[in-house]
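Student: With the sequences and hints as input, model every part of the structure.
In case you want the letters, here they are:
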Amino acid sequence: MSSTTKASRIGEEIWKTRVDKVNAELVTLTYGTIVAQLCQDYDSDYQEVNKQLDKMGYNIGMRLIEDFLAKSGVGRCANFRETADMIAKVRTSVIRNGYMSEQVGFKIFLNVTPTVTNWTSDNNQFSLIFDENPLADFVELPDDGRSQDELWFSNILCGVLRGSLEMVQVQIEAHFVSDVLRGDDTTEMRVSLVRYIEDEMPPEED
Amino acid sequence: MPVYSFYIFDRHAECIYKRLWQPRPTSLAGKASRSGSDLVGLGQTVRSTDDDAKLVFGTVFSLRNMVRKLGGEEDNFISYTTSQYKLHYYETPTNTKFVMLTDLKSPSMRIALQQIYINLFVEYVVKNPLSPTEHPGGVGVNNELFEESLEQFVTRVLS
Chain A
1 MSSTTKASRI GEEIWKTRVD KVNAELVTLT YGTIVAQLCQ DYDSDYQEVN KQLDKMGYNI
61 GMRLIEDFLA KSGVGRCANF RETADMIAKV RTSVIRNGYM SEQVGFKIFL NVTPTVTNWT
121 SDNNQFSLIF DENPLADFVE LPDDGRSQDE LWFSNILCGV LRGSLEMVQV QIEAHFVSDV
181 LRGDDTTEMR VSLVRYIEDE MPPEED
Chain B
1 MPVYSFYIFD RHAECIYKRL WQPRPTSLAG KASRSGSDLV GLGQTVRSTD DDAKLVFGTV
61 FSLRNMVRKL GGEEDNFISY TTSQYKLHYY ETPTNTKFVM LTDLKSPSMR IALQQIYINL
121 FVEYVVKNPL SPTEHPGGVG VNNELFEESL EQFVTRVLS
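Listed in order, the protein sequences are those of chains A and B. Counting in this note's numbering, the first sequence runs from 1 upward without gaps. Counting in this note's numbering, the second sequence runs from 1 upward without gaps.
Keeping only pairs whose Cα atoms sit at most 25 Å apart, straight-line, the calculated BS3-like set for lysine-lysine is:
| no. | chain 1 | residue 1 | chain 2 | residue 2 |
| --- | --- | --- | --- | --- |
| 1 | A | K51 | B | K127 |
| 2 | B | K127 | A | K55 |
| 3 | B | K127 | A | K21 |
| 4 | B | K86 | B | K54 |
| 5 | B | K105 | B | K86 |
| 6 | B | K105 | B | K18 |
Sample of chain A residues at the chain B side, in silico, Cβ under 8 Å:
| no. | residue |
| --- | --- |
| 7 | N59 |
| 8 | R63 |
| 9 | L69 |
| 10 | M167 |
| 11 | V168 |
| 12 | Q169 |
| 13 | D199 |
| 14 | M201 |
Reference listing, derived: stretches of chain B covered by chain A, where coverage requires no fewer than 3 residues with Cβ under 8 Å from a Cβ of chain A:
| no. | stretch |
| --- | --- |
| 15 | 6 to 13 |
| 16 | 49 to 59 |
| 17 | 81 to 95 |
| 18 | 115 to 124 |
In short, the hints are calculated from the structure, not lab data. Heads up, the beta-carbon is just placed ideally off N, CA and C, and yes, glycines get one too.
Tutor: Here it is as C-alpha cells:
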C-alpha cells in the first residue's frame, strides 16, 4: 500500500503549506444556502436538485483539477486503485490510465480523508466512506417526508469528482448510496469506472 | 535569448492561444514545414500563423505518441532542435499542451513552461470564474492579466 501512504503524505503536505484556508462555517453556510435556494427554485423537486448540484460540481471539478495538478505536481495514476487513493488523499490529482487520487483530493480541498473501500473484483468500482463531511455540518433535512428519501445533500461532490476525472481522461459515474443525514450509519459514495477517454485528434483537413 | 513564439493547445487539439515575439528568420518557415509534415509543399513560402499552429500541433502530437510507444506510457519528449530553432514541450495530465519556440542557445524551457501553466494559466485563466471552462477559439485565454503576465515572464525572466 505504498501508493496509499505516498498519496496521504502529498495531501498532508499540500494542505499544510500551499492551500489558502477559509472558515469552515462559511463554506457550510454558503453551500447550505445554495441547496436551500435550489430546493426553493425547483419547488422541492429533489431529483432535479440532485441533478443541478451534480452539474454545478461538474463545472467546479473541471477547474479544480487544474489547481490540484498545479499544486501537487503529481503525474497520472497508473491504475484505478491508485486513482482512488489519490482522490481520497488529495482529491486532486487524477491521472492517466486511471485515476486520480481522490483521497489526496479530498484532503487538499476539504481536509477530509474519506476511506476507500468495497472494491469490486474487477477493480472498476469502489466506495468512498466519509467519516466527516464539512458540507453537512449543522444540517437537518426538511421534514416533509420526501427529502430523506430523495435529496442527496452533498451531491455536488459527485459532480466534482466526475468533472475532475474527466479532465484527466477517466470517465466515471458517481452517486451517493447512503448519507448520515438520512439516518444511515455512514455517508458512502459509489464510484464506477466507465472508460478511459482516448486522445482527441485534430479534425481532418480537406 | 530570443523567444520566437508560444502556443497552448487544449485537450480537443485546438490551438487556444498563440503569441509571436520575434519575427522568425525567413528560413525558419521552411524548416518548420519540413519537420512538421512532408505534405506541405516546399514552394509554399507564405503561411498564416494558423497554419503554423496546426503544423506545430501535428508535430508534437506525433512525436509524443512515438515517444510513448518507444519509451513507455510515462515517457515524454522535452524538446527537439533543428539547425534553426529549438522547440520546447510540456504537457499537463489534463492534456493541455504548452509549446515554445526559441533560438538554439536557450537552455531547457520545460520548467519555464511548467511555471507558465502553474502560475499564469491556472491562476488567470482556469480560476477566473467568468471565463468558460472550454476555450474554443481562445475565448477566455486572451484576457489582459494572462497576456500581460506572460509578456513580463518572457521578457524579464527568460531573457
